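Residue numbers (the numbering used here), protein chains in the order written: chain A, -16 to 568; chain B, 9 to 204.
Zero decoy hints are in this set.
With a straight-line Cα cutoff of 30 angstroms, these simulated DSBU-like cross-link-like pairs (lysine-lysine) come out:
| hint | chain 1 | residue 1 | chain 2 | residue 2 |
| --- | --- | --- | --- | --- |
| 1 | A | 62 | A | 173 |
| 2 | A | 457 | A | 495 |
| 3 | B | 74 | A | 306 |
| 4 | A | 62 | A | 430 |
| 5 | A | 173 | B | 74 |
| 6 | A | 62 | A | 457 |
| 7 | A | 430 | A | 457 |
| 8 | A | 35 | A | 173 |
| 9 | B | 74 | A | 293 |
| 10 | A | 306 | A | 62 |
| 11 | A | 101 | A | 173 |
| 12 | A | 35 | A | 62 |
| 13 | B | 86 | A | 306 |
| 14 | A | 306 | B | 161 |
| 15 | B | 74 | B | 161 |
| 16 | A | 201 | A | 293 |
| 17 | A | 62 | B | 74 |
| 18 | A | 345 | A | 291 |
Which chain A residues face chain B? A few, computed with CB under 10 angstroms, are given here:
| hint | residue |
| --- | --- |
| 19 | 114 |
| 20 | 115 |
| 21 | 119 |
| 22 | 122 |
| 23 | 123 |
| 24 | 139 |
| 25 | 143 |
| 26 | 148 |
| 27 | 180 |
| 28 | 181 |
| 29 | 302 |
| 30 | 304 |
| 31 | 305 |
| 32 | 306 |
| 33 | 309 |
| 34 | 315 |
Bear in mind the hints are in silico, worked out from the structure with no lab data behind them. Treat the numbers as computed from the prediction; the structure is a model and nothing was measured. Glycine is no exception: its CB is placed at the ideal position from the N, C-alpha and C atoms.
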Amino acid sequence: METNANANAHLTTPTRLTGAEIVWATLVGEGVETVFGYPGGAILPVYDALRKFPIHHVLVRHEQGASHMADGYARASGKVGVAMATSGPGATNLITGIATAMLDSIPIVCITGNVSSKVLGTDAFQEVDITGITLPVTKHNFLVNRTEDIAPAIRSAMQIAQSGRPGPVLVDITKDAQQGTAIFDFAAAKPHPYRPHPMLRVEDSGLAQAAELIRNAKRPIILAGHGVSESGAMEQVRTLAERAQIPVALTLLGLGNFPASHPLNMGMMGMHGESWVNHAIQEADLLIACGMRFDDRVTGSTSTYSLKSKKIHIEVDPAEINKNITVDVALVGDLREVLEQLLPRIASRDGSEWLKAIEISKGAVAVRDIKNLPDLGHLYAAHVIHDIWRITGGNAIVVTDVGQHQMWEAQYFHHEHPRSLVTSGGLGTMGFALPAAIGAKFACPEKEVWVVAGDGGFQMTAAELSTIVQENIKINIAIINNGFLGMVRQWQQFFYDSNYEATPLISPDFVKLADAHGIAGRAVRTRSEVADAVAEARSAPGTFLLNFLVEKEESVYPMIPAGASLHEMIRRPGKDPLLETPDDK
Amino acid sequence: MLHTFVAYVEDIPGVLTRVASLFRRLNININSLTVGRSERAGLSRLTLVCDASAEAGHRIRASLYKLENVVHVDDIAKDPSVTRELALIKVAASPSNRSQIFDLVEVFRARIVDLTSESLMIEMTGVESKIEGLIEVLREDDGRILEICRSGKMTMRRGHHTSSVLKAMGAAPDEAAEPDIETAETLEEIVPSEPE
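Same shape as in the complex, but just chain A:
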């Protein structure tokens, strides 16, 4: 309690502190409660001062875990995640996590120590030019070599990370700056108000034009992305959809930003999106893109993408306008603010004809219900994910890795709420799930958190199992184990004559691996065991690992080959018993 009182006193009364103390005092002032990190020589002064401040430090097992945890924390909570590492290898190990956050616009701040300013640039022990290295994968970074600059740099970093289009910021602090002293004045270290991007532009004429396009459209679609939750525009998107009766398609990172159960929700678009969604996009006469960036996984071939449609792009980053797809109306600003200006101009309209046409286009492929399929002795990943969804009632944060299981999760776990899916979309970072789930659990300790990972990606960061034990947190882990690097194997099957080069994968016995960490687990081989195993994991007092030994050579359908047109998708094979069955929704 005394430390808390001191820490708060620092915030109101300018006090002389060491640079190391200033780091923590500033973080406390910024509302940071948890920091994910790993100590080392050049950051030791900061760690030495930690005990005086009310911040919980989570010791990771690899610095990549720290940046992913900060990322998972940010995605689950909407707050800035903070990671810390030492100089040299500590700093470079953060980079994959920083790039992951950059590609998905996630607000994290990474603090690294560096060698003393006197020896900067001399190839000193564990010296690396981390601000140089991270330049292209951060929104901004700072090299701080004076004690008095620490507080302003960290406060600016926190502001930059969460303003405009969010992103990662790195603050590199030399050891002598940590060891020196300066007057810590939290209020005076406040940065200038954030400068909105000077090219933001929402003109009356643009709003009028957008409203006119929406009024006259016969086949409109809303494309909702990650920006919907970043901007907090869920209600506005829903109002637009409901009032004008416009169906909504979601990007991978948009899942949850429009309720899966909503009748206007068509589902996920893009490479592994449902056929009717992609067909509807190709047939549409108006696309209203909300907080999404026409990523290549969403558009397929840009030269054949939705050629019949006019396009409205509502986006906070001016550099995204006309980058991949040329649009007719660009409303460049915060999504929620733009929609609030647009909505008064939108009248209710009848969209039934178009909605009916989409419904018809679903045909036989639209209907599938896994739980009613006969059990032919096969265990499919889809069963597992469907059961996790069913048994948790969808009320869990699911953190996925990257690959086939990620796409199956997107298809079979129906996300009702924003921030309920944590996944690396842009960078596609294997090894993301386990550490990001730890971050998500710290952000939302009251929530049930599930890791869904493949056997390949899980092994990349499995060392963080120790972190789970040391922190005594409860996470449920589902490994979708097919003995392959599954998505790569699928590409080899489709595009490289089934030449399975370097994709068969020997893994440890994951249950024993968990046991070695003191984590309980269970292997699941048949479909009849799935529900019971999921229930057992949920009711276990601590973290529980389920090793699902699923079909080895199952592929994710539908699929648009990279660079192909949206309508040239590879459909689900008809004979597959999994799919194309009568619906009983």
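Use these hints to put chain B onto chain A, whose structure you have.
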């Protein structure tokens, strides 16, 4: 096509790297880059010329603005402007052929800024084509040119066209001449002056 951007950036270490790194990341070659102090304390002004598709101008400008240390970016495009380049050219010249070079310098409105018994230095300011012209003529004699140092292009809009100037003068923006500059944006608003 050639794009010309004029930007004001904070005069602190690493800013040029950030700008250059952006073009590297976009896979765009920088044809010419000049940087120097501007009329505002703490801000450098740079002129950057690059070759990119006609549509790339918007994205480059928007991306430059995403750099935290970039304060103002103007895409000159084809708007009326003055562009100059400075060249220093050292040529071999003996007393016997000096007068010939003096004549050339006269024709090109250049200046002799250094003269020794074996060489002389020509200073020339002008548009790129004029400098190229002088160099071409000097090259007619093999081995005459010893060194060339060129500054790269510097560009300034003609008239009172930049928004900051307009704002300072209290004049209405000239819409026809400059449709693409945000009127709300002035250097004063973006960077509050430091108390003296």
